[in-house]
Amino acid sequence: MKRRTKASAAAGSGQSNLAELPEHSSDSPLSIHAMTVAYDKKPVLWDVDYDAPRNRLIAIVGPNGAGKSTLIKACLGLVSRASGEVEFWGENYREVRSRIGYVPQRESVDWDFPVSALDVVCMGRYRRIGWCRPVSKRHRQVSLECLERVGMRDYANRQISQLSGGQQQRVFLARALAQEAELYFMDEPFAGVDAATERAIVEVLRELKSRGKTVIVVHHDLQTVPEYFDDVILLNMRVVASGPVEDVFTRDNLHKTYGGRLTLLSEAAEAVARAASGRK
Amino acid sequence: MLGTLASAGGGVTVGEIVETLLLRTGFNTRMVIAGTTLLGIASGVVGAFAMLRKRSLMTDALSHATLPGIALAFLFAPVFGLASRSLAVLLIGATVTGVLGVLCVQAILRLTRLQEDAAIGIVLSVFFGAGVVALSYVQVNAPSGSAGLNAFIFGQAATMQARDVMLMAVLASGALIASIALFKEFTLVCFNDSFARVDGWPVSAIDLAMMAMVVLVTVAGLQAVGLILVVALLIVPPVAARFWTERLWLLVVLSALFGGASGYLGAAISALLPRMPAGAVIVLTAGVAFGVSMLFAPSRGVVAGALRRLRLRLRIASDHVLEAAHDAGADRIERVTMREIADLHGWSAWFAWVVRRWLIGARMATGTRDGIVLQERGRRRGRQVSRNHALWEQYLVSYADIAPSHVDWSVDLVEHVLSEELIRDLEKKLAQRGEALPSGSGVTA
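From first to last, the protein sequence lines are chains L and P.
Positions 1 to 280 (the numbering used here) are the ones given, in order, by the first sequence.
Positions 1 to 445 (the numbering used here) are the ones given, in order, by the second sequence.
Treat the hints with care, as some may be off.
[Said to hold, decoys possible] Taking beta-carbon pairs under 10 Å as the criterion, some of the chain L residues facing chain P (in silico):
| hint | residue |
| --- | --- |
| 1 | K73 |
| 2 | S98 |
| 3 | Y126 |
| 4 | F185 |
| 5 | V202 |
Keep in mind the hints are simulated off the structure, nothing from the lab.
These numbers were taken from a predicted model, which means no experiment stands behind them.
Positions of the beta carbon are idealized from the N, C-alpha and C atoms, including for glycine.
Just need the whole structure built from these sequences, with the hints factored in.
Here it is as structure tokens:
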């Protein structure tokens, strides 16, 4: 309990009721407890505690190198955690991953891969299709509808390298829709996209919310946070503050997140990394 | 080519060549050719996934690392009461050290800061060196029956026994069938492994299966193709196939086709010319497929790319001429004026001549004795380019805050590639600001 109090104290007024939440809230689609993540012994996230509210659009915001992508990758098991626990609806990730959808960063794949936009979206259906079976007409149809929802139906047969960056991002979004999940993680979906794509993504986010889904988005544009999102996590190697945008997205908290107050934390991280590599 | 081969073989006639290629030969030769073709098909399919997973070079480390295993298996088989000349025993030895080699590469990558190319180079050479040492030890100390081991280095398809061919065929078809069954899973992991992992697929196991297919094909091909060159069957066909298509299934089919054709021709030629190492012929065939693909494939090929660039350059050059004519209000471009335009843009006399031919060929203009005369098409295009130029210039000045004196350079490039959609956008944007648009319309020709 001590740790929780500390976290909420750091978070400021917006989160003061978090300390009263039970440790394992099975209601929350995502609960992170005391999670620390390190790359090559260099800590990038310290002691993160967070409970995501249901059916909200949640932005993860913070400066470069704050560990935004790392946070969701650690939740999904893509990078290993040094310590801490992550639960989804009070359960282990393995039990519930069919309820989780994921939009990776666009740069994480080679877009000169010989597949069409529709092929990529169909990948979102693979786990429903199962091992060793081809994509049936029905799944192809669902995938086409997902492309339609992001305004890309006309590009279904286009080779993915021939799409613009924004269109590629929409294909990734459509693939996540094809997963038919309840909780979505999106890694920088708005990075470097055109206005039409931005509108399409926002529309999809709102539609997902109206269908009762929860979406956690790594976001870099502070200006649009209040317009697009309900909740926000302010991150800079630790959770500076989290909660509803209207409570947490304050000048003071932003200053804490982006201001130069964290030098001690990052210096400590550097020192750990140096010691680790020196020992080698 | 057939003639040279015939002379090199010393007495191989054209008739014999045709008979071999048509499989109208002895049972054994037929088996070898069919088996090697199957091997080529399987490695084409497996290699396509290795390429897409960017693991092509890893297969090289694997194949070189098989040599010590072959020698050790020969040496120690009697200890376990096995026949040391049995192909199966030798291939098991090859598999063990081959996989060990791959594991060493992984270990080096994990434990040090070395890059993959260095790690592969180290493992490949050290294992191969160990293999050569072990092989010479075997040949000195157990000369009986060890002579055939050298065949594993360069391959000797022609002398394979029917039983060995069967083993090769079984291994190759195993890899082929498994790769087709796991097509969807392999594709997913090759394209986006992090998504696959989040989606609940056992990515490491699928990767392992992919590597196992590579091992199967490599080991199967050791005797026919040889360990130095078997890797080429995994690398070259898919790379050649990649030039022709953007569809994955077609890529895999083409890769299988190239691989199969290489195996077929290689084994057939090696049957005709027994002293010619099959591996070399197979790789040369695949190499020809690659060369032709690289040069002449549509869209991704080198020639097609050069033509595309030339066409764009010509289009821009002829646009310059048409725009100059439009701005000068002239229909006729004298030879002297043409030379001035050429000098302005730094065209060689040859290129200026090509531009002139291009304009005439595109029916933008007709040629006369002392220049060209614009036709309606040319006039229209000149009008349009000139207007695009003005539109873009206006946009840059009013939206991008670029000083008017600096605008011309970028405009010169952009005006030729503006699409209809972009031009409408520009018009809308400028109209929104209440600016007067450049006169004229007619967006495209």
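To see whether the hints hold, each was checked on the structure:
no., hint, result
1, K73, "holds (8 Å)"
2, S98, "holds (7 Å)"
3, Y126, "holds (6 Å)"
4, F185, "holds (8 Å)"
5, V202, "violated (21 Å)"
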